[in-house]
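If you want the building blocks of each chain, they are given just below.
There are 2 protein chains.
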Amino acid sequence: MTTSDNKPKLTEISTLGEFGLIDRLTGSINVKNPETIKGIGDDAAVVDHGGQCAIITKDLLVEGVHFDMVYTPLRHLGYKSVVVNLSDIYAMNGQPGQVIVGLAVSAKYSVEALEELYAGMLLACEKYQVDLVGGDTTSCPSGLTLSITAIGKAEKKDIVYRSGAKHNDILCVSGDLGAAYCGLLVLQREKQTFKANPDMQPGLHDYEFVLERQLKPEARKDIIEILRKAGVKPTSMIDISDGLASEILHLCKNSGVGATIYEEKIPIDRRMAQTAHEFNIDPTTCALSGGEDYELLFTISQKDYDKIKDVAEIHPIGHITDSGQGENLFTSSGQLVKLAAQGWDALKK
Amino acid sequence: MTTSDNKPKLTEISTLGEFGLIDRLTGSINVKNPETIKGIGDDAAVVDHGGQCAIITKDLLVEGVHFDMVYTPLRHLGYKSVVVNLSDIYAMNGQPGQVIVGLAVSAKYSVEALEELYAGMLLACEKYQVDLVGGDTTSCPSGLTLSITAIGKAEKKDIVYRSGAKHNDILCVSGDLGAAYCGLLVLQREKQTFKANPDMQPGLHDYEFVLERQLKPEARKDIIEILRKAGVKPTSMIDISDGLASEILHLCKNSGVGATIYEEKIPIDRRMAQTAHEFNIDPTTCALSGGEDYELLFTISQKDYDKIKDVAEIHPIGHITDSGQGENLFTSSGQLVKLAAQGWDALKK
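In order, the protein sequence lines correspond to chains A and B. The opening position of the first sequence corresponds to residue 2 in the working numbering, with each subsequent residue numbered one higher. The opening position of the second sequence corresponds to residue 2 in the working numbering, with each subsequent residue numbered one higher.
It should be emphasised that the hints constitute simulated quantities derived from the structure, not laboratory data. Any given hint could be a false lead.
Copies of the same chain look alike in the list, so a pair counts if it works inside one copy or between any two.
As the list claims (entries may be wrong) - Derived pair list, reagent style BS3-like, types lysine-lysine, alpha-carbon separation capped at 30 Å:
#: 1; residue 1: Lys109; residue 2: Lys310
#: 2; residue 1: Lys109; residue 2: Lys192
#: 3; residue 1: Lys222; residue 2: Lys33
#: 4; residue 1: Lys310; residue 2: Lys266
#: 5; residue 1: Lys33; residue 2: Lys304
#: 6; residue 1: Lys157; residue 2: Lys128
#: 7; residue 1: Lys109; residue 2: Lys196
#: 8; residue 1: Lys109; residue 2: Lys33
#: 9; residue 1: Lys109; residue 2: Lys10
#: 10; residue 1: Lys158; residue 2: Lys33
#: 11; residue 1: Lys109; residue 2: Lys304
#: 12; residue 1: Lys192; residue 2: Lys158
#: 13; residue 1: Lys109; residue 2: Lys234
#: 14; residue 1: Lys10; residue 2: Lys234
Model the full structure from these sequences, guided by the hints.
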């Protein structure tokens, strides 16, 4: 495209956002190698080398975008950076086994600070029985960037993609939603208070639940194990990193289906709701658009429902429809509204 | 450690450098999973899922540290970012099959700029028959950071580590060394000239060879294929990213051996030597400490020597000794000097 003076017109990244940009950059890519089972477009890539499949995923965490050093302890950051990657492996119904750590640090960080960061990463590795097997450590002009790659495994027949949801399947989520976002709101408020009056002690004692969900999330290894023991293979699955609404749209787009969910079925913790009200935000909005919950969103066949209906940590929130019906929320007040992805997007303004 | 006023004493990263820092952060890590064949300490990690082994490596490229946008075309940067990772897979005697791209970009980059970057990455994928299978794209406060993960495969018995060199083995390198560093010197000089006088045209026409080695390096897939066809499995191997001297020290440390190399045997291209002389640098210094050559350094048994002695692109440069003798260079003037790692270290001052 050119303007009238023949200079090429340049497009700001923020006009496309993360998913628009990825579509534009990778839309024309074709896979060449027969062992490449899954390329771009799921929680992780899948490669079949003849035994179990390798499942590989990567997430970047950038200072000033994904975390603020004012209120993020380095040990927690290390823990979280590993967990968010393991979450992607579980979302493929895989078992993570290894992580590789890429670290770009500026001179403001001391060796002791990086030891704290590693202590957190190794704590997560210990808890999830994962090996830290390598990486790349380098300097950068400012801040800290973490790039973690996680490697998992699964039998080819057990892998669950985003693309398998079928009409009439039941849509389920694990745990509860929205708390990580409320934790972030509390931390941002305390940062402002501290900037206004540095002698003020932070008032964080009433917010332990939401703060822990923000600073030290866990990946739902337990849910994968419960489903396996119950003999249930989800028809599709994704982890909730950008908010429930955004993930439902991904899942429906990849599966070529629609979905209807019910507001009253969305699992919300009382402590999250209390914090949301304090900030004058609807708890449902936190659940739909908050992000960083790292819960699992998945679909199961109706025939499997009895096998999981008594599991306290699994909540049916709606069902899959045909694609013509789109993605809808049936609100507590009885209205049917279209779901929109208003989740967090690092690339949008 | 504490100082007299009981405040903990913090250590600057630059006092340790990359390898010292990695040792300190990862020295105590033990591997838990039986499928983890190789963890930290080689060109790549190796995981055995029952078929062929998966080989996984990662490299970060940071604007202002690894590249300067003033003289690095984005298409070349994309190409190089893939190639340097494939080089690590070849250095394990593996066959790369997939790459995953992590990209953190600031708002100064346009969508069209990122399309150029991707065009370069996809060109490398095409040339080396590798699939781009996923990634993570995010914003960052400044600059551009690329984090590429490459995935390869190999039969377990074929994988070559840094640790297998034996007394009396022959030390070989592929291609020629030092040219990438000379290319960097030329680009840096032209940048200074341009800053002093922006109307000056860059004088790059006499330097095509060294510039291409810096801006668009290739990975030595061909060497791996030549060795395989010749029926030679190297006893140890590493790729030359930080300079020949540094890589020899890595290989000897990991193998528990020493080495003696001969200055007159180090392969140097006439065009590199010419540029080095122009900058008043000894060409041997460029080869030993320049870095970014992405040639392969490997050892073979004496019995295999006849099988490769006529290959023009493979050069014997010395032999492995026992560890007590250390790592030495026999200079053209007949002196024996200790090899020191003076290669590039992003974390040292």
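Report the numbers of all earlier hints that the structure fails to satisfy, in ascending order.
Numbers 1, 5, 8, 11, 12, 13, 14 - these are the hints that the structure violates, sorted from lowest upward.
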